[in-house]
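*Asks:* For reference, the chains in residue letters:
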Amino acid sequence: MAIPLSYNVRNLAVRKTTTVMTALGIALTVAVLLAAFSLVEGLRTTFEGSGHPLNVLLTRKGSDSELSSNFPRSVFNDLKFKQGIAKNANGEPLASLEMVTVIMLSSEEFPEGANVNVRGVTPTGIEIREDCRLTSGRWFTPGRREVTVGSSVAKRYPTAHLGGKLKFGRGEWDVVGVYDSVQAARNSEMMVDLNQAAGDFERSEVLSSALIRATDEVARQALINDLEFDTRLNVKARTEKEYYALQTSSGDLVKYLGTFVAVIMAVGSCFAAMNTMYAAVARRSKEIGTLRVLGFSKVSIMLSFLIESLLLSILGGLLGILLVMPLNGITTGIGNFVTFSEVAFKLRVSPEIMMRGMIFALFMGAFGGLLPAFSAARKQILTALRQI
Amino acid sequence: MSDVVIKTRNLTKEYIRDEFHVVALKDAEIEVHRGDFVALMGPSGSGKSTLLHLVAAMDRPTSGEIEVLGSKLNGLNDGAIARWRNRHVGFVFQSFNLIPVLTALENVELPLKLTHLKKGERMQHAATALKLVGLGDRLGHFPRQLSGGQEQRVAIARAIVTDPDILLCDEPTGNLDAKSAQEVLSLLAKLNKEHGKTVVLVTHDPHAAHYASKVRYIDKGELLPDGTKPEGWN
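So the protein sequences, as listed, match chains A and B.
When we follow our numbering, the leftmost residue of the first sequence carries the number 1, and every step to the right adds one.
When we follow our numbering, the leftmost residue of the second sequence carries the number 1, and every step to the right adds one.
Hints should not be assumed to be uniformly reliable.
[Stated by the list, open to error] Distance condition first, Cα-Cα at most 25 angstroms in a straight line; then the derived DSS-like pairs of lysine-lysine:
| # | chain 1 | residue 1 | chain 2 | residue 2 |
| --- | --- | --- | --- | --- |
| 1 | B | Lys179 | A | Lys298 |
| 2 | A | Lys286 | B | Lys113 |
| 3 | B | Lys26 | B | Lys229 |
| 4 | B | Lys131 | A | Lys379 |
| 5 | B | Lys220 | B | Lys190 |
| 6 | A | Lys255 | A | Lys346 |
| 7 | B | Lys119 | A | Lys298 |
| 8 | B | Lys72 | A | Lys298 |
| 9 | B | Lys214 | B | Lys131 |
| 10 | B | Lys72 | A | Lys379 |
| 11 | B | Lys131 | B | Lys72 |
| 12 | A | Lys298 | A | Lys80 |
| 13 | A | Lys241 | A | Lys87 |
| 14 | B | Lys7 | B | Lys26 |
| 15 | A | Lys286 | A | Lys16 |
| 16 | B | Lys113 | A | Lys298 |
| 17 | B | Lys26 | B | Lys190 |
| 18 | A | Lys286 | A | Lys82 |
| 19 | B | Lys72 | B | Lys7 |
| 20 | A | Lys80 | A | Lys61 |
| 21 | B | Lys214 | B | Lys190 |
[As the list claims (entries may be wrong)] Chain B regions said to be covered by chain A (calculated; three or more residues, Cβ under 8 angstroms):
| # | segment |
| --- | --- |
| 22 | 48-60 |
| 23 | 75-88 |
| 24 | 105-114 |
Keep in mind the hints are simulated off the structure, nothing from the lab.
For glycine and all other residues, C-beta sits at the position ideal for the given N, C-alpha and C.
Chain B extracted, bound-state conformation (with noise of 0.2 angstroms):
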C-alpha cells in the first residue's frame, strides 16, 4: 500500500458568523495516499473548501487532528507552517490569483524567493514550470495580458514550481469557459500521472470529477463514507 501523505481525525470546524454557531465541518476522517488524485464534491457551503483549506494549514481546526506528510499541523506555529507550506504544498485557486504588477515568469518565480536558490537558478526554475503548462512563449507577459485559462495555468507553474509533494486545488476550473476548463484538468491529471503529484480537487463540477481516480463527496459538513453520494446528487 502507498504511503499516506493527508490523513485527518476527527477534524472539525466551527465558527460564529453573525451570533449564529456554524458547523463547516464535523468529524471528519480522511487519508489520501500519495499518487492519488482525489476529488472533493459536494454543494456549494457544504465544508469542501473548509476541508482544504485546514490540509494546506491556512485555517486551524476547532478540534480533531490533521497530519499532512507526517508533520502534525497542529503543534506548527505560523513561521513553521509558511516554511512548511512554501515546501511541501501547492495550492491553485479558483480566481487564480496571479500578482498583477508582476509577469508570469515573476509570479511563478515567487514561491523560490524563499529557497536558497539564486536569481538564475530561480528564473531557470520559474521558466521550466511555466513551458511544462504549456506557457513558454508567454514568460513576459502581465496576467492581464493572458486568457483566464492561461492565467491558470501560471498559477499551476507557481503551484508546482517548487517542486511540492501535494497540489491542492480550489475550484480551479469554476471561472473558465469548457475548453479552458478541460485544458486545466488534463494538465492537473498529467502532473499526477506522469509527475506523481498527489492532487486533491475540490469541485462541485462531475464532468472535473472524472479526472480524478477517487472521488469523496461532503454535504452539510459531512464527508461522506466512500463511496456514498449525498441525497439528490446525480
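Isolated chain A, as found in the complex (with noise of 0.2 angstroms):
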C-alpha cells in the first residue's frame, strides 16, 4: 500500500512559500496556453457555427475567398436557373449575386483603422440569410447609399452606430439598420445594395461570389457537382459551411505562437517543479530513510514523491485556469486572413480547454518530479538516516 496522501498534502501545506511560487510558475505556463487556446476556440466557435447547410458558394475557380474572387454576371446568369436551386414564396431562384470588398474603420481598440467586410447583396441576398434578424433601424432601400450593419461592427466601430455615417466608394453611406445573426461571423460584416456598392466601385459586370439554396441535401451535392464540372463557367462550388469552417485557420498563427511560448515556459516550470522536488526530497532525507526502515519499498518512496510533484502541478493547473477565466466571453477581433478583413468573436474557456490546461500542468509535474523521486527512491538507507 502507498503511503498516505495526507503525507504529501501536509508537506505541500508546510513549505507554503516554494510551493505557491512553484504553483504561480506552472499557473502563469497554462494561462498562456489556455488563453492562446481560447482564442482559437472562440474562433472555431464562431466559423463552425456559421453558414447554412443547404447554401452553397461559388467563386471563381482558384480563388479560396469572395475577396480575391473575379464572378462575371454573366455567370451568375447562366447558372441561376439550374435544377435543385430552391425558389422563394414568388417562384424566383433562391440565388444571389453578391460583391465583397473591405473598407476600414477606426474603433476604440484600432484607431488607426481595422479592415471591415462590405457585402452587396440584393433583397435575394437577405433573403437567403434569414438568420440575420433586425435589432434596430431597418433594411438598407435599393438604390440608395444606405448600409445595414451587424452587431459585432456596431459594438466595435463607434462611427456604424444606427444613425451615422460612414465614407467610402464614391460617398456617404447611412447607418440604417442593425442585424444579428445566430451565425457569429456573419455579424462582422455590413451589408449594402449590390448595384449602388458596384457603380461606386466600379464593378458592375465583375463581382465576388454568388450564395445559392439548394433543396435539399441531395440537390445540394448534385449542384456542387454540376457547377464544379462546367467547364464553362469555371466556378468553385462549397458549401457555405465549408467556406466558414477554413476561416478557422486565421487563428493559427496565435495558437502555434501561444503554444511555443507556452513550451519554453513549461521547460522554466519543469525546472522549478524539479528543484522545488529536489530540495523536498534533500530535506526529507531522514523521512526516507525511515519510511525505508518501516517496510515502504523503493517504488512506494518514488511514487510518493511524483504525487507530491503532481498536487504541486494540479494546484498549479487550477491556478493557471483561474487566472485565464476572467477572458471567457471576452469579444475581441483578429484579421482574418481568408477575407482580409476583422473578424470579431468571443474567448471561450470551455471545460475541454480547462482539461488541456490541467493535463498540461500535469505533464509539467510529471517531468519535473520523476528524477527527484528516482532520486528518492535510490538512496540507501543508512546514507538517507544520516543525512541531516
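Two independent chains are provided; combine them into the complex using the hints.
*Replies:* Encoded structure:
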C-alpha cells in the first residue's frame, strides 16, 4: 500500500511559500497556453457555427476567398436557373449575386483603423440569410447609399452606430439598421445594395461570388458536382459551412505562437518543480530512510514524491485556469487571413480547454518530479538516515 | 533451550571512507534467543550500530551470514527485505525519526499501511499501541507538540504496532533526559517481560544496560566473547 496522501498534502502546506511560488510558475505557463487555446476555440465556434447547411457558395475557380474572386454577372445569369436551386414564395430562385470588398473603420481598439467586410447584396441575398434579423432600424433601400451593419460591427466601431454616416466608395453612406445573426461570422460584416456598391466601386459586371440555396442535401451535392464540372462556368462550388470552417485557420498563428511560448515556459516551470522537489527530497532524507526502515519499498517512495509533484502541478493548473477564466466571453477581433478583414469573436475557456490545461500542468509536474522521485527511491537507507 | 531468533556467523562489514579502508565489524558471531533482552555496548565507533543495522537488514554485510527468525537475509532482495522487516522487526532510533507532518496516531499507523488491515482496524491498533506506551491522550498531537520522552514513546508504539518478534533499538535514550530515559527503558523492559518481545539495545550508557538480561561488548569492530569487557571499560 502507498504512503498516505496526507503526508504529501501536509508537506506541501508546511512549505507554503515554495509551494505557492512553484505553483504560480506552472499557473502562468498554463494561463499562456489556455489564453491561446481560448482564442482559437472562440474563432472555431464563430466560424463552425456559421453558414446554412443548404447554402452553396460559388467563387471563381482558383480563388479561396470571395475577396479575391472575380465572378462575372453573365456566369450568374447562366447558373441561377439550374435544377436543384430552391425558390422563394414568388417562384424566384434563391440565388444571390454578391460583391465583397473591405473598407477601413477606426475603433477604440484600433484607432488607426481595421478592415471590415462590405457585402453588396440584392433583396434575395437578405432573404437567403434568414438568420440575419434586424435588432434596430431597417434594411437598406436598393438604389440608395444606405448600409445595415452586423451587431459586432455596430459594437466595435463607434462610427457604425445607427444613424451614423460612413464614408467609402464615392460618398457617404447612412447607417440605417443593425442586424444580428446566430451565425456569428455574419455579424462582422455590413450589407449594402449590390448595384449601388458595384457602381461606387466600378465593378458592375465583375462581382465577387454567388450564394445559392439548394432544395435539399441531395440536390446540394448534385448542384456542387454540376457546377464544378461545368467548364464553361469556371466556378468553385462548396458549401457555405465549409467556406467558413476554412477561416478558422486565421487563429493558427496565435495558436502556434501561444503553444511555442507555453512550451518554452513549461521547460522553465519543469525546472522550478524539479528544484522544489529536489529540495524536498534533500530536506526529508531522514524521513525517506525511516519510511524504508518501516517497510515501504523504493517504488512506494518514488510514487509518493511523484504524487507530491503532481499535486503541486494540479494546484498550478487550477491557479492557471483561475487566471484565464476572466478572459471567457470577452469579445475581441482578429485579422482574417481569408477575407483580409477583421472578424469579431468571443474568447472561450471551455471545459475541454480547461482539461487540456490541467493535463499540460500534470505533464510539467510529472517531468519535474520524476528525477527527484528517482533520487529519493535510490537513496541507501543508512545514507538517507545520516543526512541532516 | 529457547529458539534462536538472531544468529550471525563471521559477519564482517568493511567500507572505504575518504580513500581509507575501514573495518566496521569483523567476524562477529552472536546468538540471540527468543525473549532475550540483549544490550550491545561499546565506545563510539566500535561497530555496535553497524551490527544492529546488519541484523535489521538496513545494510548488507561484506561477508558472513545473518539468519534472523530462520530467514537468511543475504539471499533476499530489496522488496523481500522491506516486507520481512515490516512483519518481523520494530526499529527504534536515537532521534525518534517521527514524521513531523503526521500526528502521533498517524505515525503509529504508518507501518500498518503495509498490512491488509482496513482503515478502522489500523486506527484501532495504532490507538492501542499508543495506550500501551502511556500516550492514549496524545493521539492527535503532532511530534512538535510532544516532549522528547513522549516522542520516543510514540516511536516505540510505531515499532511494536505490527506485533514484531524483535525490537531493535539504536541508542533510544541518547537524546533524552534522565527521567525520560528511565521511562523509555522501563517500557522496553515491560515489552520484553510482559509481551515476550526480543529486544536488542545498542547503548554506551551502563545504566541502560542494567535493564538487559545479557550484555555483549564490542570494541574496534570485534564482538568480544560473552562476559568480556573492553580494556579500561567500567
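*Asks:* So, for every hint listed, does it hold in this structure?
*Replies:* Right, here's what the structure says about each hint:
{"no.": "1", "hint": "B:Lys179 - A:Lys298", "result": "38 angstroms, violated"}
{"no.": "2", "hint": "A:Lys286 - B:Lys113", "result": "19 angstroms, holds"}
{"no.": "3", "hint": "B:Lys26 - B:Lys229", "result": "17 angstroms, holds"}
{"no.": "4", "hint": "B:Lys131 - A:Lys379", "result": "34 angstroms, violated"}
{"no.": "5", "hint": "B:Lys220 - B:Lys190", "result": "32 angstroms, violated"}
{"no.": "6", "hint": "A:Lys255 - A:Lys346", "result": "15 angstroms, holds"}
{"no.": "7", "hint": "B:Lys119 - A:Lys298", "result": "23 angstroms, holds"}
{"no.": "8", "hint": "B:Lys72 - A:Lys298", "result": "21 angstroms, holds"}
{"no.": "9", "hint": "B:Lys214 - B:Lys131", "result": "28 angstroms, violated"}
{"no.": "10", "hint": "B:Lys72 - A:Lys379", "result": "24 angstroms, holds"}
{"no.": "11", "hint": "B:Lys131 - B:Lys72", "result": "35 angstroms, violated"}
{"no.": "12", "hint": "A:Lys298 - A:Lys80", "result": "77 angstroms, violated"}
{"no.": "13", "hint": "A:Lys241 - A:Lys87", "result": "21 angstroms, holds"}
{"no.": "14", "hint": "B:Lys7 - B:Lys26", "result": "15 angstroms, holds"}
{"no.": "15", "hint": "A:Lys286 - A:Lys16", "result": "21 angstroms, holds"}
{"no.": "16", "hint": "B:Lys113 - A:Lys298", "result": "15 angstroms, holds"}
{"no.": "17", "hint": "B:Lys26 - B:Lys190", "result": "33 angstroms, violated"}
{"no.": "18", "hint": "A:Lys286 - A:Lys82", "result": "85 angstroms, violated"}
{"no.": "19", "hint": "B:Lys72 - B:Lys7", "result": "10 angstroms, holds"}
{"no.": "20", "hint": "A:Lys80 - A:Lys61", "result": "17 angstroms, holds"}
{"no.": "21", "hint": "B:Lys214 - B:Lys190", "result": "16 angstroms, holds"}
{"no.": "22", "hint": "48-60", "result": "holds (count 4)"}
{"no.": "23", "hint": "75-88", "result": "holds (count 7)"}
{"no.": "24", "hint": "105-114", "result": "holds (count 5)"}
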